[in-house]
Amino acid sequence: MGPNGSGKSLLLKMILRIEPIDDGEIIIGPNVTTGYYSQEHETLDPDMTLIDTIRYAAPPHRSMSETKAVAYLNRYLFSYQQAKETVRNLSGGECSRLQLALLVLSGANFLLLDEPTNNLDIASAEILEAELSEFDGTVLVISHDRYFLDQVVDRIIVLEDYQAHEYPGSYGDYLERTKEYENEGR
Numbered sequence: 001m002g003p004n005g006s007g008k009s010l011l012l013k014m015i016l017r018i019e020p021i022d023d024g025e026i027i028i029g030p031n032v033t034t035g036y037y038s039q040e041h042e043t044l045d046p047d048m049t050l051i052d053t054i055r056y057a058a059p060p061h062r063s064m065s066e067t068k069a070v071a072y073l074n075r076y077l078f079s080y081q082q083a084k085e086t087v088r089n090l091s092g093g094e095c096s097r098l099q100l101a102l103l104v105l106s107g108a109n110f111l112l113l114d115e116p117t118n119n120l121d122i123a124s125a126e127i128l129e130a131e132l133s134e135f136d137g138t139v140l141v142i143s144h145d146r147y148f149l150d151q152v153v154d155r156i157i158v159l160e161d162y163q164a165h166e167y168p169g170s171y172g173d174y175l176e177r178t179k180e181y182e183n184e185g186r
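Once you know that position 18 of the sequence shown is 18 in the numbering used here, the rest is easy, because the numbers rise by one and skip nothing.
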């Protein structure tokens, strides 16, 4: 968390090596596979069908038939008709759901999520929360969605004044601690 312009998205892009690191070092372990959820959906190919997008993204050890791809897309609330259409025809929320489906399919064990609930309706946000609760790995998420944060996080890191401050617990726990801190006159 942090105010706009504090470097949250930049941090994710530096972890992904999309942006250069000015100082210091970011080390990703050899057994870590990253998955990136971009709020701009630039990771999606607008000219591919949803079926082909899923089939192409499936790891080689999980070859996926068209029938399996459609069934997989159905878990993310896509109809058979939508599955045959190109990504270009999707709404922002549908692109978000497709990105989530791709992340889960990727087998990544370190997810970097940049505002994942933007454009999501309630049903889609609930799918995201359920997938994250079952996810066996680490998630670094940027979000202004306080309800979402309360459902999925167990630690808050606030970027402020060029420093990172860590708070264990949910967003609600973070609010409690900061209110106590303010009440103590600090």
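Keep in mind the hints are simulated off the structure, nothing from the lab.
Among the hints, erroneous ones may be present.
[As the list claims (entries may be wrong)] Simulated pairs of lysine to aspartate or glutamate, DMTMM-like, Cα-Cα distance not exceeding 20 angstroms:
#1 Lys84 <-> Asp52
#2 Lys13 <-> Glu25
#3 Lys13 <-> Glu131
#4 Lys68 <-> Glu131
#5 Lys13 <-> Asp23
#6 Lys84 <-> Asp47
#7 Lys84 <-> Glu25
Hints and how they fare:
Between lysine 84 and aspartate 52 the CA atoms are separated by roughly 9 angstroms; this keeps the pair inside 20 angstroms, and the hint holds. In summary, the hint linking lysine 13 to glutamate 25 is supported, as the alpha carbons are separated by about 13 angstroms, within the 20 angstroms threshold. A C-alpha spacing of about 23 angstroms is found between lysine 13 and glutamate 131, which places the hinted pair above 20 angstroms, so the restraint is violated. Between lysine 68 and glutamate 131 the CA atoms are separated by roughly 19 angstroms; this keeps the pair inside 20 angstroms, and the hint holds.
Using a Cα cut-off of 20 angstroms, the hinted pair lysine 13 and aspartate 23 holds, with the two alpha carbons roughly 14 angstroms apart. Of the pairs offered as hints, the one joining lysine 84 and aspartate 47 holds, with about 12 angstroms between alpha carbons and a cut-off of 20 angstroms not exceeded. A distance of roughly 44 angstroms separates the Cα atoms of lysine 84 and glutamate 25; the hinted pair therefore is violated under the 20 angstroms criterion.
Violation of the numbered hints given earlier is confined to hints 3, 7; the remaining hints are satisfied by the structure.
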